[in-house]
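2 protein chains.
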Amino acid sequence: MIERKGKNTIRIKNGVAIKGYAAAVGKKESEGPLAAYFDKIYLDEFCGEETFEKAETHLQKTAIQTALKKAKTAKESIDLCLAGDLLNQCIGSSFGMRDLKLNFAGLYGACSTMALSMALGAILVDSGAVSNTICAASSHFCSAERQYRFPLEYGGQRSPAAQWTVTGAGAVVLEGSGSDTPVISDIIFGSVRDLGIKDSNNMGAAMAPAAAQTIANYLKDTHSIPSDFDMILTGDLGKTGSSILIELLKDEQNLDISSVHRDCGTMIYDLSTQDVHSGGSGCGCSASVVCSCILDEISKGNLKKVFFVGTGALLSPTSSLQKESIPGIAHGILIERKG
Amino acid sequence: MIERKGKNTIRIKNGVAIKGYAAAVGKKESEGPLAAYFDKIYLDEFCGEETFEKAETHLQKTAIQTALKKAKTAKESIDLCLAGDLLNQCIGSSFGMRDLKLNFAGLYGACSTMALSMALGAILVDSGAVSNTICAASSHFCSAERQYRFPLEYGGQRSPAAQWTVTGAGAVVLEGSGSDTPVISDIIFGSVRDLGIKDSNNMGAAMAPAAAQTIANYLKDTHSIPSDFDMILTGDLGKTGSSILIELLKDEQNLDISSVHRDCGTMIYDLSTQDVHSGGSGCGCSASVVCSCILDEISKGNLKKVFFVGTGALLSPTSSLQKESIPGIAHGILIERKG
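Taken in order, these protein sequences are the chains called A and B.
Counting in our numbering, the first sequence runs from 807 upward without gaps.
Counting in our numbering, the second sequence runs from 807 upward without gaps.
Bound conformation, chain A alone (with noise of 0.2 angstroms):
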């Protein structure tokens, strides 16, 4: 049972539950905090690919088949998988579904690419067109980086400001409103928001205000508080990007989220000794860690009520050239544990 909340809020009464997720991340993501919680570890970039590209459908096709081994779900029973990643054209994602064999809609959403799809996933599920999907995103530091900035051999200087592309990627399994599993019960698609940064190294800036405004939508539309939740967390704002959204919602919403407000991409790596300058970015980053660490604690119950804003710069290397400004979106969703 589906209901609008407010303008822009969908809320599924039941929720959908999670009934698997998993996450395979790179060595750097395994030195980092979040170790303990991932299925699965790469410690060679190219995963036994022959190239960047392929290593990252190898991440995203173990995250998917990790995640049908703990959901206890034949591949063969899923109705449809909605995935993306970063790549021109979105190869990590098609290349995995030629050889998974899946129903598949692609989808393009930057880093907020795994909010999207679980945003979609969770409708298309309640709505009964199929019973099951998967949602996957996946984003590859070598693959991105050779795409959006320099090649590797080049050895290019970072900007405090900058991120690192997460190796990584997450995917979770959607089917049936469950008591004893997280599920997803509210959804907010957000709209294009762009306050005219135009430093490609400085995404966390881009995206801020998009998930300000989404915070901000979301928390009118449901009559809620800060407080209500146990965590609102972002995808990949990074160190700069979450001290600008945090004055943000005070400056233009009176909101205080800081108490409550984590990052992905600030928790995945240690800031401090990774050599990450403001934390990790890219659709691997909120997929890995929603599909480990916050799924994990929802499940345990140490986290009851996560709002997760997946965050994204839809930005291309040719709009910057063309000195373009970078339009930022947010989608939202509400995890949480009912039983």
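One copy or any two copies: either way a pair holds, since identical chains are not told apart in the list.
Straight line, CA to CA, 25 angstroms or less: simulated PhoX-like cross-link-like pairs of lysine-lysine:
#  : residue 1 : residue 2
1  : Lys1129   : Lys1004
2  : Lys846    : Lys881
3  : Lys1110   : Lys819
4  : Lys846    : Lys1106
5  : Lys1106   : Lys878
6  : Lys907    : Lys1056
7  : Lys907    : Lys1004
8  : Lys846    : Lys825
9  : Lys846    : Lys834
10 : Lys813    : Lys825
11 : Lys834    : Lys1045
12 : Lys876    : Lys833
Read the hints as simulated data drawn from the structure, not as lab findings.
Start from chain A and add chain B according to the hints.
Just chain B, lined up with the frame of chain A:
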């Protein structure tokens, strides 16, 4: 009300109404046989913008705004836009969304994007998650050519199986169910099929196997035969891909769709005089043909049941350089007039 039919088909019992639709195209398209159907024609390939990429955004925005106007729906009342395009990181759509300020879910289905957006949009509306939605897709010859192939200035020769990327965009407004408008009533999401074609100048051949699979699955799920439809319409197989589709369905499935099959890629240009080789292609091909001629003829009652199969080639220039074959996908929707 949604129900599942067979293994893959989703049936929306009352159908979701296509309340408005529009197509905006370029000069070459205005010289083809469908010229009279288009809402807006741009003789200038820049559409008054500074770059081809911005011109593509302009086309998509025009299609969306015109569809809204024809649907008599205020932009402010739209709950969600589902859109995509072929440009890296889908900037054709995202920069349009920045101006239109609509809640936005980005999609990537290569040239199948229009069918994908209408499929997801119809389910979202029927479920009550949104009260209405806009679905849109676009492509532009000049932005695609320089991204996928060669700089225009190079003047490269084209192979006989090559297709011409359509400069065009289409958009539909979906809302409620309706007896006096075309409705979307069946949906089938496809899975990737790849028979090993590696020639990116022969995308029709790469996509035909996926189209054959989706058509065969749909006919099986719904216990239908080709003559139950006024038209089985593929997105952009072109002349080469269309003959492969007809043959594959005969050989593999003993199905003869030749009397009802049409292809947007062969309809939009005059193949004998317009020097487009195998026909049109791109997200904008099926988007502009469906959102003009096809929906016009269904509205007039000249066509009653059209099974529209959007076809996509999920390659990237990088995957081709890495000697990968081309994964094809095809999503189908039944568009009909119930009243």
